[in-house]
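Protein chains: 2
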Amino acid sequence: MNQPTKFQPIEMAVERTPQSLPRRRVLAGSVSALAAAGLAGAGTTAMAQTNAAAPKPLPAYVGWKDPNSLIVHSATTIETKRHAFGSGLITPSDQLYIRNNLPAPDASILVDRDAWELVVEGVNEPRTLTLRELKSIGLETIAMVLQCSGNGRGYFPSKPSGTPWQVGAAGCVVWTGVPVRLVADALGGMSAGMAFMTGTGGEKLPDGIDPKSVIVERSVPAQAMTDAMLAWEMNGVPISLAHGGPLRLIVPGYTGVNNIKYIKRLAFTAQESEARIMSHGYRISPPGGKGDPSQPSVQEMSVKSWINGPGTDGLPVKSGLVQVHGVAFGGLHRVAKVEVSIDGGKLWNEARFSGPELGRYAWRQFVLAIRLNAGTFSLASRATDAAGNVQPQGRIENAGGYNNTSWADHAVSLTVA
Amino acid sequence: MNQPTKFQPIEMAVERTPQSLPRRRVLAGSVSALAAAGLAGAGTTAMAQTNAAAPKPLPAYVGWKDPNSLIVHSATTIETKRHAFGSGLITPSDQLYIRNNLPAPDASILVDRDAWELVVEGVNEPRTLTLRELKSIGLETIAMVLQCSGNGRGYFPSKPSGTPWQVGAAGCVVWTGVPVRLVADALGGMSAGMAFMTGTGGEKLPDGIDPKSVIVERSVPAQAMTDAMLAWEMNGVPISLAHGGPLRLIVPGYTGVNNIKYIKRLAFTAQESEARIMSHGYRISPPGGKGDPSQPSVQEMSVKSWINGPGTDGLPVKSGLVQVHGVAFGGLHRVAKVEVSIDGGKLWNEARFSGPELGRYAWRQFVLAIRLNAGTFSLASRATDAAGNVQPQGRIENAGGYNNTSWADHAVSLTVA
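Those protein sequence lines, which keep their order, are chains A and B.
In this text, residue positions in the first sequence follow my numbering: the first is 1, and each later residue adds one.
In this text, residue positions in the second sequence follow my numbering: the first is 1, and each later residue adds one.
Treat each hint with caution, since some may be false.
Covered stretches of chain A (chain B as the covering partner; in silico rule of three or more C-beta atoms under 8 Å from a C-beta of chain B) [to be verified]:
id, region
1, 193-206
2, 270-278
3, 288-298
4, 364-370
5, 399-413
Simulated restraints on C-beta separations [unchecked claim]:
id, chain 1, residue 1, chain 2, residue 2, range
6, B, 130, A, 119, 26 to 36 Å
7, A, 126, B, 373, 49 to 59 Å
8, B, 181, A, 376, 25 to 35 Å
9, B, 132, A, 271, 17 to 27 Å
Because the hints were derived from the structure by calculation, they are not lab data.
In this text, a Cβ means the ideal position worked out from N, Cα and C, and glycines have one as well.
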């Protein structure tokens, strides 16, 4: 589904955000004009590197996010800047990317979160459960990479239609909720003959259009239920509207679109959904082609890594010891190893993981300490997962610009003074 | 676990919070008048319940925090509400407690973070390092419990002077920085004969007062260097002014005061600091007594846990299956086990940890699934660390109200309808 804007998105009120303000969290509440002036310059420079045109302000429904960490492609597509990724374990919510296939529902759905209703079908005792009931069934927490299927599309020379994401349509996020398998167990188990787990989003659909052409409904193999979750908390707080609250389906290891926001129906089904976003959207089509149900669907993620610093923030890097760092994850598998090259991939050095591992679906920070003389270097990283899969040098060309894991595409140039 | 036996619940000030209150982050930026109206009422009500007097607003330097998650005791002492602790792994920065011994410096110290200077002494090649230089020496990330020495003071019947914290002067936080041992190594190693690692904070001191009487300077045993860090990121972003940015000394396993904010001097010393906050402050004194250097200093944390839900938010809890959950940590040691009682400590059931372990200094979420009939229950949790230390039933009485790990003090009453 390359063109979610085929119908006119619901017009959203936009909150104006000053462009050159220092980071909200850092100086919010400060009355120091000096500080504001000082950081204004830095912010402007950084933004110029990622977006030559005037930056777009944050839409109102994500007005709580940090504007200086984000690139606003459109009201429903917002990317984290590469230099904004820190070396913490978890992506802060106010820096996390946004990619909504439909505009978010009205915020009134959050007034009584526990009253949210989920229809569960394809089990032996189908019924509707409230969020309050779901909370009594189980409680689990998982950290995982949330990544848009099209992250890295911006590196395709073919310029596929769709948002030209670079690295920032991804984050490592903590979800708390009830495991799907416990919900299925509580309702008598999955019905016989079901091969898929299908989630349906609760977005308001535009009038006068065949619902199947726009509804957000995705199917994943039923075995994904093993680690799937119906989540009500993200990063320790109730899920925001922008990220799918009050209830979101979480399918660890699968690309973002499979993690259904505002989920209103969870069904175990014999067939895949017939919604267009499933049948024609998010398919691996040949370059220039169009999606159809015969092509592979974009679902499981593959091993990937990229370098986040130093130098991506435009600050000068001095010769001597340098800490080259970034993130790596394995998709369905644990990431086992990361190598770093400073010469565009001729020679590789094994990097070290920093910080604890948060489970196989989370990303890990890696770092390589290396002495660099003055010069320009092409920094690349290459990850290997626990199953032995190695991040490839090249991308797999496809019409939608999906699943770009190419280490060459994700290389960055570093100038050392 | 058997049917609950009757137990006289410990009287405690349970916060009651209005139901169905949207949180600030959820609706911030929304243009919905409904939401705005709802929030206005909510905030007022919520605060009124934690403080019979008019609610205190957040001070400007922490104006970016979530007011509905916090109890403002004073401009420099702000506590997380018990019901606001979610089941994520990390405490969101905007919910994290504040306890500053002196007012924060002017925000201008953040204008050029990398230019911040740290004097390093008690090494064989003492010198001043900029934050930019520190960043080149090493990069590590650690998750740890940050807890005020006086957390739980509010449960002392003796009402010691100081902030009457309940559970909320604590959080689990991710720090990124350079290990202190790498900095010492880079400067020729620790000088001979040094027994302490002493950090000095960069707060502005009031004029006309002996600096030693107010300066924030603390000493910990030099061996704490092993896991200590000079940190510039908290929870994945540059450390805010309120939490000690641009540079903070992190001493995992030690109470909050030992983690020096705005650190300007790190010294390996033969003797403890003579600052009053070290010599007389934070000492375990007999009830009614005063601190002096002969008494034990408040440093290492001990095994502790508490229950965060359900019911602490005032929402009704229905009979049937209930997920009792909370947090547990071991201080210097990994937490190994948590037991939960629903009858005030007569019978105990082992709880399960949910989510990944983030290293021995982090807290873990625990959960016990249990069927409850209608009635009132006294919920308690009791943690055991990997060294076999068991969280005690009672507190150790002391004049300052420090180090309260009593499981009985931290019990909560739950009414099931």
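Notebook entry, point to check: Against the structure shown, which of the earlier numbered hints fail to hold, in ascending order?
Noted result: Of the numbered hints, 1, 2, 3, 5, 6, 7 and 9 do not hold.
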